[in-house]
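Chemist: Protein sequence lines, in the order shown, are assigned to chains S and P.
The first sequence runs 1 to 114 under this note's numbering.
The second sequence runs 1 to 112 under this note's numbering.
Think of the hints as simulated: they come from the structure by calculation, not from any bench.
Values in this document were obtained by computation on a predicted structure and should not be read as measured data.
C-beta atoms are modelled at their ideal positions from N, C-alpha and C, and glycine is treated no differently.
Hints are not guaranteed to be accurate.
Calculated lysine-lysine pairs in the BS3-like style (CA-CA distance at most 27 Å, straight line) [said to hold, decoys possible]:
id: 1; chain 1: S; residue 1: Lys57; chain 2: P; residue 2: Lys104
id: 2; chain 1: P; residue 1: Lys3; chain 2: P; residue 2: Lys69
id: 3; chain 1: S; residue 1: Lys57; chain 2: P; residue 2: Lys3
id: 4; chain 1: P; residue 1: Lys104; chain 2: P; residue 2: Lys92
Between beta-carbon pairs, the in silico distance windows are [what the hints assert, rightly or not]:
id: 5; chain 1: P; residue 1: Asn26; chain 2: S; residue 2: Glu56; range: 16 to 26 Å
id: 6; chain 1: S; residue 1: Asn53; chain 2: P; residue 2: Asn19; range: 41 to 51 Å
id: 7; chain 1: P; residue 1: Pro40; chain 2: S; residue 2: Thr7; range: 36 to 46 Å
id: 8; chain 1: S; residue 1: Glu95; chain 2: P; residue 2: Val59; range: 15 to 25 Å
id: 9; chain 1: S; residue 1: Pro39; chain 2: P; residue 2: Met10; range: 33 to 43 Å
id: 10; chain 1: P; residue 1: Thr5; chain 2: S; residue 2: Ser61; range: 15 to 25 Å
id: 11; chain 1: S; residue 1: Thr20; chain 2: P; residue 2: Pro76; range: 19 to 29 Å
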Amino acid sequence: EADIYQTPRYLVIGTGKKITLECSQTMGHDKMYWYQQDPGMELHLIHYSYGVNSTEKGDLSSESTVSRIRTEHFPLTLESARPSHTSQYLCASSEWVSPGPEAFFGQGTRLTVV
Amino acid sequence: LAKTTQPISMDSYEGQEVNITCSHNNIATNDYITWYQQFPSQGPRFIIQGYKTKVTNEVASLFIPADRKSSTLSLPRVSLSDTAVYYCLVVKAGGGADGLTFGKGTHLIIQP
């Protein structure tokens, strides 16, 4: 069982609210990722980090922001939630080793903005 | 990173062997081929990874021809619980400051 945790699992929130989705891993992994996925649709990489104080935008433009102050923690923040942000958000982590990294995923946060 | 192409969907029956082929024509020398499985409402789960020839574990086999421009994930004797989305990824060895990008995947449906 992977040691990567996301909270909350489900969140229903009103438009305009600020929210932070939490992601923590206890595996000491250097790399962490955030994905957005609508039901039955493709996984889109929105942010990733390859170490403390490093963050990069992914393939899909997102209004969210991330931070990586500690190795184990990679929170995602939406300053002002909108209905278009309704989706499932998945966090993952992997080592920076050779050969290519196996990523471990959290259980996800299903966000609904009303 | 090399772009991958795989069938959008496949159907099979319980007890059959299922082979899902992925094309990655632009694979680089130091790239590895990795497959993930995703059930509804869950995050993807690593299945198998290889560089060349054949790799087998308790879940699946991965066949990679000499030119490495494609790979085939083989699931022996599938059951209903193998219904899932299967993703083929090409990842760079040694990590690097790259994201991990998933394509559309193959929706595999197993019928009784």
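Chemist: Work down the list of hints and note, for each, if the structure agrees.
Modeler: Hint check results:
1. Restraint check for Lys57(S) and Lys104(P): the C-alpha separation of about 20 Å stays at or below 27 Å, so the hint holds.
2. Using a Cα cut-off of 27 Å, the hinted pair Lys3(P) and Lys69(P) holds, with the two alpha carbons roughly 11 Å apart.
3. Distance hint between Lys57(S) and Lys3(P) is fulfilled; the C-alpha atoms sit about 19 Å from each other, no more than 27 Å.
4. Using a Cα cut-off of 27 Å, the hinted pair Lys104(P) and Lys92(P) holds, with the two alpha carbons roughly 20 Å apart.
5. The hint said 16 to 26 Å for the Cβ distance between Asn26(P) and Glu56(S), and at roughly 22 Å that hint holds.
6. A beta carbon spacing of about 44 Å between Asn53(S) and Asn19(P) agrees with the range 41 to 51 Å that was offered as a hint.
7. The given range of 36 to 46 Å is broken by Pro40(P) and Thr7(S), whose C-beta atoms sit roughly 21 Å from each other.
8. Evaluation of the 15 to 25 Å hint for Glu95(S) and Val59(P) yields a pass: the beta carbon distance comes to about 21 Å.
9. For the pair Pro39(S) and Met10(P), the beta carbons lie near 20 Å from each other, so the given range of 33 to 43 Å is not met.
10. With their beta carbons about 24 Å apart, Thr5(P) and Ser61(S) fall inside the hinted range of 15 to 25 Å.
11. At about 44 Å, the CB distance of Thr20(S) to Pro76(P) disagrees with the hint of 19 to 29 Å.
Comparing the model with each earlier hint shows violations of hints 7, 9 and 11; every other hint is respected.
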